[in-house]
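**Q** Sequence:
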Amino acid sequence: MIVRSWRPRDAEAVHRICVATGDGGEPVHHILREPDLVAHVFADPYLLLHPELAFVVEGRGTVLGYVVAALHTEEFYARWQLEWAPRFAASHPSSRVVDGRDADSQLRAFLHRPRLMLPAQLDRFPSHLHINLVAGVRGQGMGKRLMQAVFQQLARAGSPGVQLGVNPSNTRAQAFYQRIGMVRLPSDTRLEVRYGTPLNG
267 MIVRSWRPRD AEAVHRICVA TGDGGEPVHH ILREPDLVAH VFADPYLLLH PELAFVVEGR
327 GTVLGYVVAA LHTEEFYARW QLEWAPRFAA SHPSSRVVDG RDADSQLRAF LHRPRLMLPA
387 QLDRFPSHLH INLVAGVRGQ GMGKRLMQAV FQQLARAGSP GVQLGVNPSN TRAQAFYQRI
447 GMVRLPSDTR LEVRYGTPLN G
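Numbering of the sequence shown is given in the working numbering, commencing with residue 267 and proceeding in unit increments.
One or more hints might be untrue.
What the hints assert, rightly or not - Computed spacing ranges between beta-carbons, pair by pair:
id	residue 1	residue 2	range
1	ARG381	HIS295	25 to 35 Å
2	GLN418	ARG381	20 to 30 Å
3	GLY405	ALA355	33 to 43 Å
Please keep in mind that the hints were generated in silico from the structure rather than gathered at the bench.
Ideal placement from N, C-alpha and C gives every residue a C-beta, glycine not left out.
Please work from the sequences and hints to get the whole structure.
**A** As structure tokens, then:
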């Protein structure tokens, strides 16, 4: 298996892996009426807006995992609002009232109003990322290699730090982030746990 930069022909595979692993490493079909929404929010826009910060794991010609990132979260969400959200105005309109108990409703809101996802501590960790691997690849060091690749790329671009969010119940992922040196950040929500790591020094 190898880690390499993302290529346009990988887009479908990245989308599919996001849907297949978006619920703490498991498929999202049992929690979403429209499973593709999770990829429309947490994978696809990164490939459009920051393709240079996307890397994949490939084995025998098949994409088995990926990492995507945004260099400046606030700027990224501003571009998202202008360049990504309008694509879904007709097919996935956002309701003015968001049902916090309904995952589809929340993702539709994020799709059109990405600033709802804006995290704290952007002064220290202005970048953010998402990583997913299919089950058969986990525990083989490929997640670490993906993270190292995107960390290096973000550092070269001048980012002082990167952060990510994870479901509190996903203890396996949290243990992985701790093993690669990320630290848990304060959070004002019980819906996710955030981890960050400094770059450039």
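**Q** Which hints from the list above does the structure break, by number from lowest to highest?
**A** Per hint list: zero violations.
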